[in-house]
Amino acid sequence: MSVRVQTEDFDAGFELNQLRHARKDTGAIVSFIGQVRDLNDGDAVSQLTLEHYPGMTEKTLASIIQQAKSRWDFFEALIIHRVGSLKPTDQIVLVAVSGAHRGEAFKACEFIMDFLKTEAPFWKKEVTQSGERWLEAKHADDAARERWMK
Amino acid sequence: MSVRVQTEDFDAGFELNQLRHARKDTGAIVSFIGQVRDLNDGDAVSQLTLEHYPGMTEKTLASIIQQAKSRWDFFEALIIHRVGSLKPTDQIVLVAVSGAHRGEAFKACEFIMDFLKTEAPFWKKEVTQSGERWLEAKHADDAARERWMK
Amino acid sequence: MKIKIFYFARLKETLKFSTEDLELPDDAFAQTLTILKLKAYLAKRSDVWQQMLLGKLKVRGAINHELVDDNAPIADGDEVAFFPPVTGG
Amino acid sequence: MKIKIFYFARLKETLKFSTEDLELPDDAFAQTLTILKLKAYLAKRSDVWQQMLLGKLKVRGAINHELVDDNAPIADGDEVAFFPPVTGG
Numbered sequence: 001m002s003v004r005v006q007t008e009d010f011d012a013g014f015e016l017n018q019l020r021h022a023r024k025d026t027g028a029i030v031s032f033i034g035q036v037r038d039l040n041d042g043d044a045v046s047q048l049t050l051e052h053y054p055g056m057t058e059k060t061l062a063s064i065i066q067q068a069k070s071r072w073d074f075f076e077a078l079i080i081h082r083v084g085s086l087k088p089t090d091q092i093v094l095v096a097v098s099g100a101h102r103g104e105a106f107k108a109c110e111f112i113m114d115f116l117k118t119e120a121p122f123w124k125k126e127v128t129q130s131g132e133r134w135l136e137a138k139h140a141d142d143a144a145r146e147r148w149m150k
Numbered sequence: 151m152s153v154r155v156q157t158e159d160f161d162a163g164f165e166l167n168q169l170r171h172a173r174k175d176t177g178a179i180v181s182f183i184g185q186v187r188d189l190n191d192g193d194a195v196s197q198l199t200l201e202h203y204p205g206m207t208e209k210t211l212a213s214i215i216q217q218a219k220s221r222w223d224f225f226e227a228l229i230i231h232r233v234g235s236l237k238p239t240d241q242i243v244l245v246a247v248s249g250a251h252r253g254e255a256f257k258a259c260e261f262i263m264d265f266l267k268t269e270a271p272f273w274k275k276e277v278t279q280s281g282e283r284w285l286e287a288k289h290a291d292d293a294a295r296e297r298w299m300k
Numbered sequence: 301m302k303i304k305i306f307y308f309a310r311l312k313e314t315l316k317f318s319t320e321d322l323e324l325p326d327d328a329f330a331q332t333l334t335i336l337k338l339k340a341y342l343a344k345r346s347d348v349w350q351q352m353l354l355g356k357l358k359v360r361g362a363i364n365h366e367l368v369d370d371n372a373p374i375a376d377g378d379e380v381a382f383f384p385p386v387t388g389g
Numbered sequence: 390m391k392i393k394i395f396y397f398a399r400l401k402e403t404l405k406f407s408t409e410d411l412e413l414p415d416d417a418f419a420q421t422l423t424i425l426k427l428k429a430y431l432a433k434r435s436d437v438w439q440q441m442l443l444g445k446l447k448v449r450g451a452i453n454h455e456l457v458d459d460n461a462p463i464a465d466g467d468e469v470a471f472f473p474p475v476t477g478g
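Quick mapping for you: the protein sequence lines, in order, are chains F, Z, C and Y. So in this note's numbering the end of the first sequence lands on 150, straight run, no missing numbers. So in this note's numbering the end of the second sequence lands on 300, straight run, no missing numbers. So in this note's numbering the end of the third sequence lands on 389, straight run, no missing numbers. So in this note's numbering the end of the fourth sequence lands on 478, straight run, no missing numbers.
Looking at chain F on its own, in the form it has when it is part of the complex (with noise of 0.2 Å):
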């Protein structure tokens, strides 16, 4: 259970060994990376910068790892969430789950992405041609989010 924000970047393949080795009774590691991309609503983009609430962030991250684990049966959870000034293909965000067994491993990493992208407080600012425009929150994160609520 581990909760990182940072301004440098990851090393994913690292941080996937050591969730390996952590437990030899490990036999699945869902992961997910999220990075920068070229072009958001057809602009192209050259600059991202990531600004957070210290403080509320790790505890909000922390808080949604205990939620999926109140609900899936895994061994380890982590969060690496990149803040400050970012680049197109620079990575955002690592989240890692490992388990037993792969189906609960995917839910958990995808619950807790879903609760990242809409609980979190992360905020985007993003540089295109036309200057500088905050992102605005996207209904299909909302929606993502209503799913576990069922």
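Keep in mind that the hints were calculated from the coordinates and are not lab data. Certain hints may be false.
Residues of chain Y clear of chain Z, computed beta-carbon distances all greater than 10 Å [stated by the list, open to error]:
id: 1; residue: Arg399
id: 2; residue: Leu411
id: 3; residue: Leu413
id: 4; residue: Ala417
id: 5; residue: Ala429
id: 6; residue: Trp438
id: 7; residue: Glu455
id: 8; residue: Gly466
Calculated lysine to any residue pairs in the SDA-like style (CA-CA distance at most 25 Å, straight line) [stated by the list, open to error]:
id: 9; chain 1: F; residue 1: Lys87; chain 2: Z; residue 2: Arg173
id: 10; chain 1: Z; residue 1: Lys237; chain 2: Y; residue 2: Val457
id: 11; chain 1: F; residue 1: Lys150; chain 2: Z; residue 2: Ala293
id: 12; chain 1: Z; residue 1: Lys174; chain 2: Z; residue 2: Gly192
id: 13; chain 1: F; residue 1: Lys69; chain 2: Z; residue 2: Glu276
id: 14; chain 1: F; residue 1: Lys125; chain 2: C; residue 2: Gln331
id: 15; chain 1: F; residue 1: Lys107; chain 2: Z; residue 2: Asp292
id: 16; chain 1: F; residue 1: Lys24; chain 2: Z; residue 2: Thr199
id: 17; chain 1: Z; residue 1: Lys288; chain 2: F; residue 2: Ala100
id: 18; chain 1: Z; residue 1: Lys288; chain 2: Y; residue 2: Glu402
id: 19; chain 1: C; residue 1: Lys358; chain 2: F; residue 2: Val83
Examples of chain Y residues toward chain Z, derived with CB under 7 Å [claimed, not checked]:
id: 20; residue: Ala398
id: 21; residue: His454
id: 22; residue: Gly477
id: 23; residue: Gly478
Glycine included, each C-beta is placed from N, C-alpha and C at the ideal position.
Following the hints, position chains Z, C and Y against chain F.
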């Protein structure tokens, strides 16, 4: 779209980086790593041997990716599956899917794993203290596959 | 009563405030303070504040690092935050 | 007719056959050959074959690298394979 069946280990971090940089509009990479557990059905496992049907294996895996492609919108899918002699905590399989958005990549990755488990011609033999045993197919895997048929 | 307020993202940028300590007389208003009442109080500062806090764009509130709704009560010493819907990940 | 047969996993190990070329007279039997008929034909070789191919444990068949069911027809030149339910991943 790439399928590899090999005795050698793989570097998941390297493969994920390749996928990340294949297209600049990639926003999401979902991956699954399966590894040998030290315990199975309560017995300590000292070795796992993976046999396969050369030719049919590659064809089946490519066809599973095509089926996923016809259902969801993603960019690239990679399957690496090892064969031969493995030990606990050795990696067995990597499935990685890249796309613009996470929802489709999550579904495609889990679909590919569920079908790989039930259709790709691989067979596992374990060595435990009480001798060698071929693993039996699991009802849970059939059930996981059935979910996609609804 | 004394509270600390943080502003983030679009709000911080437009209001040119990232944080402030707010002291209010300990009267009936303070004793029944909620997120919505605080928004209305701050909105009186200028048109820009009005537009940012009570305009078309949704503003979320948090108290002591927990997301809350507009009716959540605010107590002495609380850390309050205002920000747009989140867009991380 | 001539077909090639592969055996895998438990079958290969117990039958001590990994592959064989089978030639059958081109009669009515060969012309209506199916996976099930081929299993029954091979099962006559011995008790072990009987037990492996028609016993309690399920045996899957493939023709030319495609999983098929017991009624699938086998043609001259086909590559047939018999194996237990798969357990990869």
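Is the straight-line distance between the alpha-carbon of F/Lys87 and that of Z/Arg173 25 Å or less?
Given that 25 Å is the threshold and the Cα spacing comes to 14 Å, the pair holds.
Tell me if the straight-line CA distance from Z/Lys288 to F/Ala100 falls inside 25 Å.
holds, 14 Å
Check the hint pairing F/Lys69 with Z/Glu276 against an upper bound of 25 Å on the C-alpha distance.
Violated, at about 31 Å.
Below or equal to 25 Å on CA atoms is what counts here, so check Z/Lys237 against Y/Val457.
violated, 33 Å
At 10 Å, judged by beta carbons, does Y/Leu413 keep clear of chain Z as stated?
Given a closest Cβ separation of 23 Å, the condition holds.
Check the hint pairing C/Lys358 with F/Val83 against an upper bound of 25 Å on the C-alpha distance.
holds, 23 Å
Does Y/Ala429 clear chain Z by more than 10 Å, comparing its Cβ with all Cβ atoms of that chain?
holds, 23 Å
Z/Lys174 and Z/Gly192: Cα distance at most 25 Å?
violated, 46 Å
Holds or violated: is the Cβ of Y/Arg399 farther than 10 Å from all Cβ atoms of chain Z?
violated, 5 Å
Is it the case that Y/Trp438 keeps its Cβ farther than 10 Å from each residue Cβ in chain Z?
Given that every Cβ of chain Z is farther than 10 Å from that of Y/Trp438, nearest at about 18 Å, it holds.
Whether Y/Leu411 stays farther than 10 Å from all C-beta atoms of chain Z, as the label says:
The assertion about Y/Leu411 holds, with a minimum of 18 Å to chain Z.
Given the proposed pairing of F/Lys150 with Z/Ala293, does the C-alpha separation stay at or below 25 Å?
Measuring from Cα to Cα gives roughly 21 Å; hence the hint holds.
Checked against the numbered hints given earlier, this structure breaks hints 1, 7, 10, 12, 13, 14; the rest are met.
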